[in-house]
Structures are given as C-alpha cells and as structure tokens.
Amino acid sequence: MLNRESYEKNRSHLPEYFTEKILEGGCHGQFGSYGVQKGDGTPTITQQEQVEETVEDILAFVQEDCDITDPSGRM
Numbered sequence: 000m001l002n003r004e005s006y007e008k009n010r011s012h013l014p015e016y017f018t019e020k021i022l023e024g025g026c027h028g029q030f031g032s033y034g035v036q037k038g039d040g041t042p043t044i045t046q047q048e049q050v051e052e053t054v055e056d057i058l059a060f061v062q063e064d065c066d067i068t069d070p071s072g073r074m
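Under numbering that gives the first Met the number 0, read the sequence shown as residues 0 to 74, first letter to last.
Some clues are possibly wrong.
Claimed, not checked - EDC-like, lysine to aspartate or glutamate: derived pairs with alpha carbons at most 16 Å apart: (1) K20 to E52; (2) K20 to E7; (3) K20 to E55; (4) K20 to E63; (5) K37 to D64; (6) K8 to D56; (7) K20 to D56.
FYI, nobody ran anything at the bench for these hints, they're computed from the structure.
Treat the numbers as computed from the prediction; the structure is a model and nothing was measured.
Based on the sequences and whatever the hints tell you, model everything.
Written out as structure tokens, the structure is:
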C-alpha cells in the first residue's frame with residue numbers, strides 16, 4: 000500500500016515523464032482479485048468496473064506512448 004504522506008513529500012523526485020492515474024472508488028484487494036486487505040476501505044465501484052478502467056488506462060497509455068494502433072479497432 001502507498002504511504003500517501005511519504006509519496007507527497009517525495010513526488011518532486013519523480014521523473015518529468017511520470018504519469019499518475021487515480022482510480023476513484025477502487026481498492027487494493029479488487030485490483031489484485033485477492034479479497035479484502037487491511038486498510039483498503041470500502042470500494043465504491045465494482046471489481047469489474049475497476050478492471051475495465053484499469054485496462055482502458057493501460058491501453059491508452061501504451062497507444063499514446065508507443066504511437067500504435069490496435070488492428071482489432073478497440074483502441
């Protein structure tokens with residue numbers, strides 16, 4: 000789990016090309032599909048919604064960063 004205080008204190012050390020994506024309503028346990036984890040809180044989106052948003056963000060990042068297109072037309 001991320002120590003938010005330490006992260007905020009040290010984020011100036013991240014590289015210029017760093018990209019941050021905050022998944023509102025998700026939680027650690029849903030991301031890894033391994034159930035409730037200490038400190039997770041209560042998710043406000045379903046696990047399926049979290050997975051779909053994560054996949055969309057990864058595909059968009061890869062497509063933009065690598066300048067590629069998806070032959071299936073999904074991207």
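Going through the hints against the structure:
For the suggested pair K20 and E52, the alpha carbons sit about 10 Å apart, so the restraint of at most 16 Å is met. As the CA atoms of K20 and E7 are separated by approximately 14 Å, the hinted pair is consistent with the 16 Å bound. Simply put, K20 and E55 have alpha-carbon atoms about 12 Å apart, close enough for the 16 Å limit, and the pair holds. A threshold of 16 Å between alpha carbons decides the hint, and for K20 with E63 the separation of about 15 Å falls inside it, so the pair holds.
For the given pair, K37 sits about 34 Å from D64 by alpha-carbon distance, which is inconsistent with the 16 Å threshold. Restraint check for K8 and D56: the C-alpha separation of about 26 Å exceeds 16 Å, so the hint is violated. With a C-alpha separation of about 8 Å, the suggested pair K20 and D56 falls inside the 16 Å cut-off, and the hint holds.
In terms of the numbered hints stated before, the structure departs from hints 5, 6, listed from lowest to highest.
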